[in-house]
Amino acid sequence: MNQPVFIAGTGIISAIGNNVAECLDALENGRAGMGEMHHFNSVHKERLPVAEVKLANDELAQLAGLPGIKSRTALLSLVAAKEALQNAGITDLAHLRTGFISATSVGGMDKTEDFFTRFLADNSKGKLRDVVNHECGSVTELVADALGIKDYISTISTACSSSANAVFFGARLIRHDIVDVVVAGGTDSMTRFTLNGFNTLMILDEQFCQPFDENRRGLNLGEGAGYVVLVSEKVAATLKNKPGIILSGYCNANDAYHQTASSPDGIGSYLAMSGALKKAGLQTTDIDYINLHGTGTQNNDIAEGTAIRRLFEDRYPKMSSTKTFTGHTLGASGGIEAVFSVLALQHGIIYPNLRLQTPMVDLPFVPEREFLKNVEVKHVLSNSFGFGGNCSSLIFSKAE
Amino acid sequence: MSDLKTQIIAQLNLQDTKPEDIGDDQPLFVEGLGLDSIDALELIVLLQQQYKIKLSNAEDGPKVFQTVRTMAEYITAHQAQNA
Amino acid sequence: MYIRATGNISPQKTFGHKPLEELVSYTGNRLACIEPDYKEFIDPKQIRRMSRIIRMAVAAAMECLQEAGLAKPDAIVTGTAYGCLEDTNSFLSKMVEFNEELLTPTAFIQSTHNTIGAQIGLMLQCNNYNNAFVHRGFSFESALLDGMMLLKENDASTVLVGAIDEITNSSHTILNRLGLYKQGPVSNLDIFDTKTKGTIAGEGAAFFLLATEPSATDYAKLDGLHTFYKPAGTAEIEKQVLSFLTKHSVDMNDIDLVITGRTGNAGTDRIYDELAATIFKNKVLLDYKNLCGEYPTAAAFAMWLGANIIKSGTVPAVLNRSDTAGKKIVRILIYNQHQGIHHSLSLLSAC
Numbered sequence: 020m021n022q023p024v025f026i027a028g029t030g031i032i033s034a035i036g037n038n039v040a041e042c043l044d045a046l047e048n049g050r051a052g053m054g055e056m057h058h059f060n061s062v063h064k065e066r067l068p069v070a071e072v073k074l075a076n077d078e079l080a081q082l083a084g085l086p087g088i089k090s091r092t093a094l095l096s097l098v099a100a101k102e103a104l105q106n107a108g109i110t111d112l113a114h115l116r117t118g119f120i121s122a123t124s125v126g127g128m129d130k131t132e133d134f135f136t137r138f139l140a141d142n143s144k145g146k147l148r149d150v151v152n153h154e155c156g157s158v159t160e161l162v163a164d165a166l167g168i169k170d171y172i173s174t175i176s177t178a179c180s181s182s183a184n185a186v187f188f189g190a191r192l193i194r195h196d197i198v199d200v201v202v203a204g205g206t207d208s209m210t211r212f213t214l215n216g217f218n219t220l221m222i223l224d225e226q227f228c229q230p231f232d233e234n235r236r237g238l239n240l241g242e243g244a245g246y247v248v249l250v251s252e253k254v255a256a257t258l259k260n261k262p263g264i265i266l267s268g269y270c271n272a273n274d275a276y277h278q279t280a281s282s283p284d285g286i287g288s289y290l291a292m293s294g295a296l297k298k299a300g301l302q303t304t305d306i307d308y309i310n311l312h313g314t315g316t317q318n319n320d321i322a323e324g325t326a327i328r329r330l331f332e333d334r335y336p337k338m339s340s341t342k343t344f345t346g347h348t349l350g351a352s353g354g355i356e357a358v359f360s361v362l363a364l365q366h367g368i369i370y371p372n373l374r375l376q377t378p379m380v381d382l383p384f385v386p387e388r389e390f391l392k393n394v395e396v397k398h399v400l401s402n403s404f405g406f407g408g409n410c411s412s413l414i415f416s417k418a419e
Numbered sequence: 121m122s123d124l125k126t127q128i129i130a131q132l133n134l135q136d137t138k139p140e141d142i143g144d145d146q147p148l149f150v151e152g153l154g155l156d157s158i159d160a161l162e163l164i165v166l167l168q169q170q171y172k173i174k175l176s177n178a179e180d181g182p183k184v185f186q187t188v189r190t191m192a193e194y195i196t197a198h199q200a201q202n203a
Numbered sequence: 453m454y455i456r457a458t459g460n461i462s463p464q465k466t467f468g469h470k471p472l473e474e475l476v477s478y479t480g481n482r483l484a485c486i487e488p489d490y491k492e493f494i495d496p497k498q499i500r501r502m503s504r505i506i507r508m509a510v511a512a513a514m515e516c517l518q519e520a521g522l523a524k525p526d527a528i529v530t531g532t533a534y535g536c537l538e539d540t541n542s543f544l545s546k547m548v549e550f551n552e553e554l555l556t557p558t559a560f561i562q563s564t565h566n567t568i569g570a571q572i573g574l575m576l577q578c579n580n581y582n583n584a585f586v587h588r589g590f591s592f593e594s595a596l597l598d599g600m601m602l603l604k605e606n607d608a609s610t611v612l613v614g615a616i617d618e619i620t621n622s623s624h625t626i627l628n629r630l631g632l633y634k635q636g637p638v639s640n641l642d643i644f645d646t647k648t649k650g651t652i653a654g655e656g657a658a659f660f661l662l663a664t665e666p667s668a669t670d671y672a673k674l675d676g677l678h679t680f681y682k683p684a685g686t687a688e689i690e691k692q693v694l695s696f697l698t699k700h701s702v703d704m705n706d707i708d709l710v711i712t713g714r715t716g717n718a719g720t721d722r723i724y725d726e727l728a729a730t731i732f733k734n735k736v737l738l739d740y741k742n743l744c745g746e747y748p749t750a751a752a753f754a755m756w757l758g759a760n761i762i763k764s765g766t767v768p769a770v771l772n773r774s775d776t777a778g779k780k781i782v783r784i785l786i787y788n789q790h791q792g793i794h795h796s797l798s799l800l801s802a803c
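Protein chains in written order, with the working numbering: chain A, 20 to 419; chain B, 121 to 203; chain C, 453 to 803.
One should not assume that every hint holds.
Straight line, CA to CA, 27 Å or less: simulated BS3-like cross-link-like pairs of lysine-lysine [said to hold, decoys possible]:
| no. | chain 1 | residue 1 | chain 2 | residue 2 |
| --- | --- | --- | --- | --- |
| 1 | A | 169 | C | 763 |
| 2 | B | 138 | B | 183 |
| 3 | A | 146 | C | 491 |
| 4 | C | 735 | A | 146 |
| 5 | C | 682 | C | 733 |
| 6 | A | 253 | C | 647 |
| 7 | C | 647 | C | 682 |
| 8 | A | 298 | C | 497 |
| 9 | C | 524 | A | 297 |
| 10 | C | 699 | C | 649 |
| 11 | A | 146 | A | 261 |
| 12 | C | 649 | B | 138 |
| 13 | C | 647 | B | 174 |
| 14 | C | 647 | C | 546 |
| 15 | A | 64 | C | 699 |
| 16 | C | 604 | C | 649 |
| 17 | C | 780 | C | 673 |
| 18 | C | 691 | A | 144 |
| 19 | C | 497 | B | 138 |
| 20 | C | 491 | C | 465 |
| 21 | A | 169 | C | 465 |
| 22 | A | 64 | B | 172 |
| 23 | C | 691 | A | 146 |
| 24 | C | 682 | C | 699 |
| 25 | A | 298 | C | 524 |
| 26 | A | 169 | C | 699 |
| 27 | A | 169 | C | 546 |
| 28 | B | 138 | B | 172 |
| 29 | A | 64 | B | 138 |
| 30 | C | 699 | C | 524 |
| 31 | B | 172 | C | 780 |
| 32 | C | 763 | C | 673 |
| 33 | A | 253 | C | 604 |
| 34 | A | 259 | A | 64 |
| 35 | B | 183 | C | 497 |
| 36 | A | 337 | A | 259 |
Hints are computed from structural coordinates only; laboratory data are not their basis.
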């Protein structure tokens with residue numbers, strides 16, 4: 020039950036790049052992905068910056084190799100999952116028990132929204148094919164079928180912690196000997212439903228977001244997908260590129276404070292981080308980098324910051340919010356940030372927290388403002404905290 | 121103010137509450153009616169929908185929505201401005 | 453692994469721990485849950501922000517925890533295929549109607565799939581593990597597996613696992629347009645006799661308290677769970693069933709009852725006819741979707757039924773199964789499939 024689970028591959032598509040290499044380049048060169056809405060239409064176009072993937076649906080379909088009109092959520096997922104599998108280079112995948120655990124908050128809503136406009140006027144109208152893949156699980160299956168994975172498939176939806184939960188659920192499936200390989204992570208695409216939903220909560224920033232800044236105004240919504248390929252120790256040993264990174268810790272805890280707001284002292288965040296450390300058998304002093312949830316909302320950043328202050332007690336590791344680059348990709352954020360965490364370990368790099376002008380006065384630490392190279396990074400903590408008080412933390416480590 | 125109370129009850133789905141149950145000066149949030157931050161957002165929309173008043177800064181919410189009376193006073197003041 | 457307690461809101465009179473005493477019949481292709489007075493379970497101040505599906509889930513979860521005598525489980529895991537349809541519908545409709553202006557947050561925050569589990573966690577002030585699966589006909593089974601793994605990992609000794617799906621007017625219209633349901637007057641209690649196309653729509657909220665330690669009042673042991681996706685044909689299904697039993701050191705002869713997921717749709721039910729002639733030959737087969745309808749998480753109703761049968765040792769008299777009279781039911785195999793895509797097997801036995 021405690022055998023190590025290795026990360027054999029990573030795949031990603033986001034506002035800052037269509038694959039791992041492009042994203043790494045953007046992260047190193049401080050190129051954020053926010054901007055005006057381009058592929059997506061909304062009444063709020065002029066007012067709200069978003070972090071869109073810079074490809075239209077037909078371009079995504081081509082990249083994914085999935086022709087026909089499919090949900091953007093599925094297309095993003097397939098592109099990233101394919102890259103992760105290719106990256107893992109598992110040659111005899113057909114003979115291994117393989118799973119696909121994907122996470123999403125919107126599912127096929129991008130197409131359902133279009134259906135609904137007609138359906139509401141007349142319920143015999145609206146193209147059924149637009150709504151047939153509405154369910155989160157349907158999006159996952161479109162991708163699983165395209166990837167040829169069928170031994171274990173499921174979908175998790177716990178708001179912003181969704182894909183972090185997917186990653187460690189996948190790892191546990193391996194530990195319980197249900198599968199040998201799992202592609203795990205998440206995907207979300209821009210929808211009017213989500214944009215408007217967040218707008219009603221008045222937590223969207225009309226400028227580019229500034230997580231962990233004293234004067235932060237809110238978040239920028241983003242879209243994308245991020246997946247890791249998890250393998251058992253046995254499979255890892257057979258791979259040409261011997262994977263050197265493991266998922267050493269994980270924890271899912273609940274804030275149980277309010278439906279959307281985090282508790283002021285971040286109890287859920289505290290429990291998730293400390294639980295992950297306990298699972299990994301690590302101390303706070305072992306952590307070299309925290310990939311913050313850091314959405315840029317008044318509420319999250321102080322709750323998360325407070326939890327970090329309480330847990331790390333003035334021995335603070337380097338930390339940053341990569342949402343300053345990718346925006347908040349909701350159901351995909353845990354997966355995307357898992358990929359960034361693995362890359363940080365692989366390349367010995369620390370990402371900057373962009374646009375940090377005034378550090379938060381209530382916190383005794385300041386996120387990293389510069390991109391750092393040649394850093395000794397052995398353990399990375401990645402936080403994903405969502406609505407419903409769902410808090411999850413993952414720890415990735417260099418294998419001994 | 122009794123119209124306002126009826127609107128509040130409808131907007132916040134306070135099913136078992138009647139307008140008479142809400143005191144003019146009864147605190148709406150935390151104690152009293154026990155409303156929370158989501159209710160505050162709902163009330164902001166109520167102001168816009170019913171009274172065409174836009175509360176652009178959510179942080180003003182606690183002051184404006186302290187009691188039905190403070191809400192009513194805010195509405196009167198801003199309606200005069202809009203007129 | 454023990455099923456210590458249950459809570460079930462369904463189109464039958466299942467809430468309140470009555471053993472199935474009478475059957476409720478419906479005419480038409482849509483069944484509706486028989487709901488309790490929620491004010492007995494939920495503070496009215498909180499009810500206002502709960503849509504129907506959340507109220508159903510919370511009440512079923514509360515009943516389950518009350519039966520278990522447990523204030524806080526070590527984990528809460530939920531499964532729902534469609535999520536909170538009413539709120540999704542409400543927010544979407546307003547968004548279209550008002551062209552993205554003057555929208556309010558309540559429907560939006562209530563529409564997220566994890567709201568169900570989150571509301572339960574919030575009500576219980578439970579800071580423990582809380583997860584939500586949203587995978588079509590595997591939603592319940594994924595939640596169940598997550599719970600079972602937590603217990604095996606010793607990261608929990610009690611897990612509250614639930615599955616919930618609702619029907620709304622819009623969802624029913626859409627699914628009806630997709631050709632899933634029977635047309636014309638039909639009674640749910642006759643669907644297995646009609647041999648026509650289509651099934652009937654159901655809904656429900658079923659919760660289980662799983663525990664590692666036995667107690668005096670457990671329903672049944674949950675010995676195993678297995679799911680498989682898009683099997684190639686009957687031969688593969690047979691293989692999956694037999695290897696599942698072998699894995700749990702059980703022989704088909706040891707199975708006293710097989711609960712099967714016939715939906716009344718002649719086409720997709722054919723598989724059950726085939727299996728009845730092969731691996732399930734001479735086995736007592738019991739169907740349940742005439743009671744609860746067909747929906748992606750209907751297998752949770754099957755598990756509730758199975759657990760109750762194991763607890764009492766007999767099939768409820770009202771189901772009129774003379775072929776089970778005088779026979780103590782000690783081991784049950786549940787085989788369900790959803791639209792030929794999602795297949796699940798579970799094994800229950802007496803404590």
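For each hint, the structure was consulted:
At roughly 35 Å between alpha-carbon atoms, residue 169 of chain A and residue 763 of chain C are farther apart than 27 Å, so this suggested pair is violated. Straight-line distance between C-alpha atoms of residue 138 of chain B and residue 183 of chain B comes to about 24 Å, which keeps the hinted pair within the 27 Å bound. Pair hint residue 146 of chain A plus residue 491 of chain C does not hold up; C-alpha atoms about 41 Å apart against a cutoff of 27 Å. Distance check on the hinted pair: residue 735 of chain C and residue 146 of chain A sit about 45 Å apart at the alpha-carbon level, beyond 27 Å; violated.
The straight-line distance between the Cα atoms of residue 682 of chain C and residue 733 of chain C is roughly 24 Å, inside the 27 Å bound, and the hint therefore holds. Of the pairs offered as hints, the one joining residue 253 of chain A and residue 647 of chain C is violated, with about 50 Å between alpha carbons and a cut-off of 27 Å exceeded. For the given pair, residue 647 of chain C sits about 24 Å from residue 682 of chain C by alpha-carbon distance, which is consistent with the 27 Å threshold. Between residue 298 of chain A and residue 497 of chain C the alpha-carbon distance is near 38 Å, which puts this suggested pair outside the 27 Å criterion.
For the hint linking residue 524 of chain C to residue 297 of chain A, the alpha-carbon distance of about 22 Å falls within 27 Å, and the restraint holds. Between residue 699 of chain C and residue 649 of chain C the CA atoms are separated by roughly 36 Å; this puts the pair beyond 27 Å, and the hint is violated. Restraint check: the Cα-Cα separation between residue 146 of chain A and residue 261 of chain A comes to about 48 Å, which exceeds 27 Å; the hinted pair is violated. Taking the CA atoms of residue 649 of chain C and residue 138 of chain B, the gap is about 50 Å. The hint is violated against a cut of 27 Å.
Our distance criterion of 27 Å between C-alpha atoms is broken by residue 647 of chain C and residue 174 of chain B, whose separation comes to about 60 Å. The suggested pairing of residue 647 of chain C with residue 546 of chain C is violated, with an alpha-carbon distance near 42 Å, which exceeds 27 Å. The suggested pairing of residue 64 of chain A with residue 699 of chain C is violated, with an alpha-carbon distance near 57 Å, which exceeds 27 Å. Annotation: proposed proximity of residue 604 of chain C to residue 649 of chain C is violated, straight-line Cα distance about 42 Å (limit 27 Å).
Proximity of residue 780 of chain C to residue 673 of chain C is assessed by CA-CA distance (about 16 Å); at most 27 Å being required, the pair is judged to hold. Between residue 691 of chain C and residue 144 of chain A the alpha-carbon distance is near 44 Å, which puts this suggested pair outside the 27 Å criterion. A threshold of 27 Å between alpha carbons decides the hint, and for residue 497 of chain C with residue 138 of chain B the separation of about 14 Å falls inside it, so the pair holds. In summary, the hint linking residue 491 of chain C to residue 465 of chain C is supported, as the alpha carbons are separated by about 19 Å, within the 27 Å threshold.
At roughly 38 Å between alpha-carbon atoms, residue 169 of chain A and residue 465 of chain C are farther apart than 27 Å, so this suggested pair is violated. For the hint linking residue 64 of chain A to residue 172 of chain B, the alpha-carbon distance of about 22 Å falls within 27 Å, and the restraint holds. As the CA atoms of residue 691 of chain C and residue 146 of chain A are separated by approximately 39 Å, the hinted pair breaks the 27 Å bound. Taking the CA atoms of residue 682 of chain C and residue 699 of chain C, the gap is near 21 Å; set against the 27 Å cutoff, the hint holds.
In summary, the hint linking residue 298 of chain A to residue 524 of chain C is supported, as the alpha carbons are separated by about 22 Å, within the 27 Å threshold. Among the hinted pairs, residue 169 of chain A with residue 699 of chain C is consistent with the structure: their alpha-carbon atoms are about 20 Å apart, no more than 27 Å. Of the supplied pair hints, the one linking residue 169 of chain A and residue 546 of chain C is violated, its CA atoms being roughly 39 Å apart against a limit of 27 Å. Distance restraint check for residue 138 of chain B and residue 172 of chain B: the Cα-Cα separation of roughly 25 Å lies within the 27 Å cut-off, and the hinted pair is therefore satisfied.
Restraint check for residue 64 of chain A and residue 138 of chain B: the C-alpha separation of about 41 Å exceeds 27 Å, so the hint is violated. Distance check on the hinted pair: residue 699 of chain C and residue 524 of chain C sit about 33 Å apart at the alpha-carbon level, beyond 27 Å; violated. A distance of roughly 70 Å separates the Cα atoms of residue 172 of chain B and residue 780 of chain C; the hinted pair therefore is violated under the 27 Å criterion. Under the criterion of a C-alpha separation no larger than 27 Å, the hint pairing residue 763 of chain C with residue 673 of chain C is consistent with the structure, at around 10 Å.
Of the pairs offered as hints, the one joining residue 253 of chain A and residue 604 of chain C holds, with about 22 Å between alpha carbons and a cut-off of 27 Å not exceeded. Distance hint between residue 259 of chain A and residue 64 of chain A is unfulfilled; the C-alpha atoms sit about 48 Å from each other, more than 27 Å. Distance restraint check for residue 183 of chain B and residue 497 of chain C: the Cα-Cα separation of roughly 23 Å lies within the 27 Å cut-off, and the hinted pair is therefore satisfied. For the hint pairing residue 337 of chain A with residue 259 of chain A, the CA-to-CA distance comes to about 32 Å; that exceeds 27 Å, so the pair is violated.
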